[in-house]
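> Could you use the hints to bring the two separately framed chains together as a complex?
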Amino acid sequence: MLDVLLDPWRDELTRRALAEVTLLGIAGGALGCWIVHLRLAYAAESLAHGLLPGLVVAALTGIPLLAGGAAGLALAALGVAVAGRLPALDQDTAVAVVVTTLLGLGGLLALSAQTPPGLGDLLFGDVLATGDGDLALAAATVAVVLAALWLLHPSLLAVTFDRAIAPALGRPPFTADVAVALLLALVLLVAVQGLGNLLVVAVLVGPAAAARLVTRRMAPMIAVAAGVAVAGGLAGLYVSYHGRTAAGASVAAALVAAWALTAAATHVRGLRT
Amino acid sequence: MSVLVRAEGLAGAYGPVDALNEVTFALQAGERCGVLGPNGGGKTTLFRLLTGELAPRRGTLERPRVAIVAQTERSRLDFPVSALDVALMGALSRTPWWRRPRRTERALAHEALERVGLADEAQRTFGDLSGGQRQRVLVARALVQDAPVVLLDEPFTGLDARSADRLERLLAELAAEGRALLIATHDPDQARGWERVLCVNRRMVAFGAPDATLTDAVLEQTYGRRLAGVL
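Protein sequences appear in the order of chains A and B.
The first sequence: position 107 = 107 (the numbering used here), numbered continuously.
The second sequence: position 186 = 186 (the numbering used here), numbered continuously.
Next up, chain B with everything else stripped away, as it sits in the complex (with noise of 0.2 Å):
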């Protein structure tokens, strides 16, 4: 197996103290990572390092094209969009600024949507969609972006159990593909039927199998003490 991200002691800051640091973890094609941690702990800076968004403060990071899932309140619901056009945003990347999509980016749009199950919703608006048909039309465009490693930000947070039944098939799909996904998510029992997690508190907690990784301990410096005992 190929490491497709790796992480040297990698820090990131917006000021003057730094938002997540001592973050050193290599992920192989093929496997999923559950990003766990509070809010405000570290996860979405981590996810914008990896982006390209922010740069290192300190440290190395290497990995190939990265597509992000977000969370999709924080895109325009309201905005006039079909899912096929948000998809379509996947081929952007790959097309100088002056340049329309053409035909193939279409098709491979479509085959996307088709991939995630919302074929006959293309030509649905994007804020009309139910969270979980919204979450897979984002993952949609990251097939479109055709990127080795994808992050999803709490992808499951608002889902119903048959949304998320449906998502967890298309991760392990996206894996079995020999992609790296970055998955942040509140739950540790969730994270455990994935091959890596990776606990941030403002700086990496511990890295590893699940197993292995999510002890007592763990949990307890990464969600501080009292809540580690409800987990």
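So that you can see chain A by itself, here it is in the shape it has in the complex (with noise of 0.2 Å):
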């Protein structure tokens, strides 16, 4: 039984897998508890896919993932900015086409004979090649996203329990989107390369609907969001080595099975009391 527990560890590479899911899920499991609160879970999602043709574009011609994702990311949000103006379009329609025509360049990017293979770690990432580099990167934004949403909290409390007053209240929106926008592309940026284009939402948005459906407050709701995605990283990575599957993707689905699980549990217990 030990085995199974301490195997997977005894690798380097499954080592750094996980300290860098754990950031991750720190980073996220916190930041996602505003972006659901918010309602920006779509645009958390169209963002992430958004970017793809900014990071095959890095592939193809060597420049940093980052660096192309960044790239990517104001060009996904510059494009929604201007559908969503189009009078003929109402903003959820201009995000759909703006982010699927971005997926699909991506893809035909990606698939056309000149690329080199791997396109598959762009969409689904590729946690096990965690570098020294990305470990310290996703340090860094844990600490930027934790300090953020802590000086910003009463801000974000006000805002997002009603807009329409905040200003009366000393505290426009306007402060606050920038900001949980900013910290929303710095995380997709840094998660994307270890969870991948598809799955990054899954780090973002599951851990923090889990841990709404059992907390009463912004600053519990954050601590276990962040404790959820510590431990679906966890479990995920366990999966992955000894079922062999995908990493990424088995992070991603324990993310989620931990929002279903959650839901069916205090569901059960919604009926017994």
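Keep in mind that the hints were calculated from the coordinates and are not lab data.
If you're wondering where the values come from, they're calculated on a predicted model, not measured in any experiment.
Cβ atoms here follow ideal geometry from the backbone N, Cα and C, with glycine treated the same way.
A couple of the hints might just be wrong.
Stated by the list, open to error - Label pairs and their in silico Cβ distance ranges: (1) B:Arg6 <-> A:Thr175: 27 to 35 Å; (2) A:Thr175 <-> B:Gln190: 33 to 41 Å; (3) A:Val178 <-> B:Arg58: 26 to 34 Å.
Okay, structure coming up:
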């Protein structure tokens, strides 16, 4: 039994992967609570997919993935902003059109004959390839996200509670919106390399949605979400090691399973009382 | 008595057409003013002008710091905040965005909840409170803001008689402390108990003491002929 628990961590690669998913879990779980309450889950998903062409171009040209991802993110945000102003499209449709276009473009670039293999890593991540630089970046991201959320906590509470009244309280929503958007961009960029373009949203939404079911205040919700995300990362890596499944996908599945189990448990408890 | 709010020829608009215009009135410290008007008549526009959310299209407006007690169904009732958290939001306008509330501000919020009779509910979730209790939490938030002018947007809607009595007493106390209150309401009879009324129907119809102001002609211009007969 002990071997089952300890075996995965005898290998340097899985130890690094565990450190990476732990850090990403803390940052993503904490920020995800505000993403869920500000109803930005769809925006997060869209931005994550929209940055694919940037990643692919970076992989093709050899520039750092981080720079390519940042450029892709800026392009996606710009596209959504422009399309959202077209009178013929409502906001959700505009986002869907832009993101589908970008995802398709990314796929087209990645599947062309000249492209070296490795699209899978961009779409599904390669957490087992985590290097020292990745870990340092993830640790810095955790520090930035936690510090920003701590400082902004009172402002975010006021803005999320009642956007219309927030300006009269001295907190115009704009500052909070920009801060959350920047943090979201940061977490997406850093997490997308470990968890991949299609799975990164799992760490933002799954743990926060689970934590929302079992907590009654924001601060405990953030703590629980970060804990669930870390536990999900650990569980996902065990599944991946013993089941020989893809690491990023296993982690994403574990994060979503955490929400499903919590929802089922609270539902059953609700039926009993 | 000192004048706290003064509006002269005030007009507010969202597009090319004025949502409200010709608003001229002055409120003194200690006065409660009922704001009467049909839905879409400009009550909310007047409040947005007073909070500064909407810039005047024309005219002038002088007022000190303004707090607003909004309709609580418009806030996020599923959002996990306690009554204390909401009252504490009143301290934000005095603190820079990077500074978290200090003990003195938490003490102020506790005091304010005590004043509105909700000391025991401080840790309850805002969305779990009754409608009347939620209104009083927002009044507590206005107290923490320590604003000389308080706007209340239809605060009596959906309250049972006991909660309404309690809120009415609280408003009288706030006025007695020298605040000016503007209270949007659908009930002219309730407004008769206050010092001033302001009637709007896309423009200001009338302003003054209730007995002299709430004539049949004014109510008809405010609400239209049919409804004025019913009232």
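> Tell me, which hint numbers fail for this structure?
none
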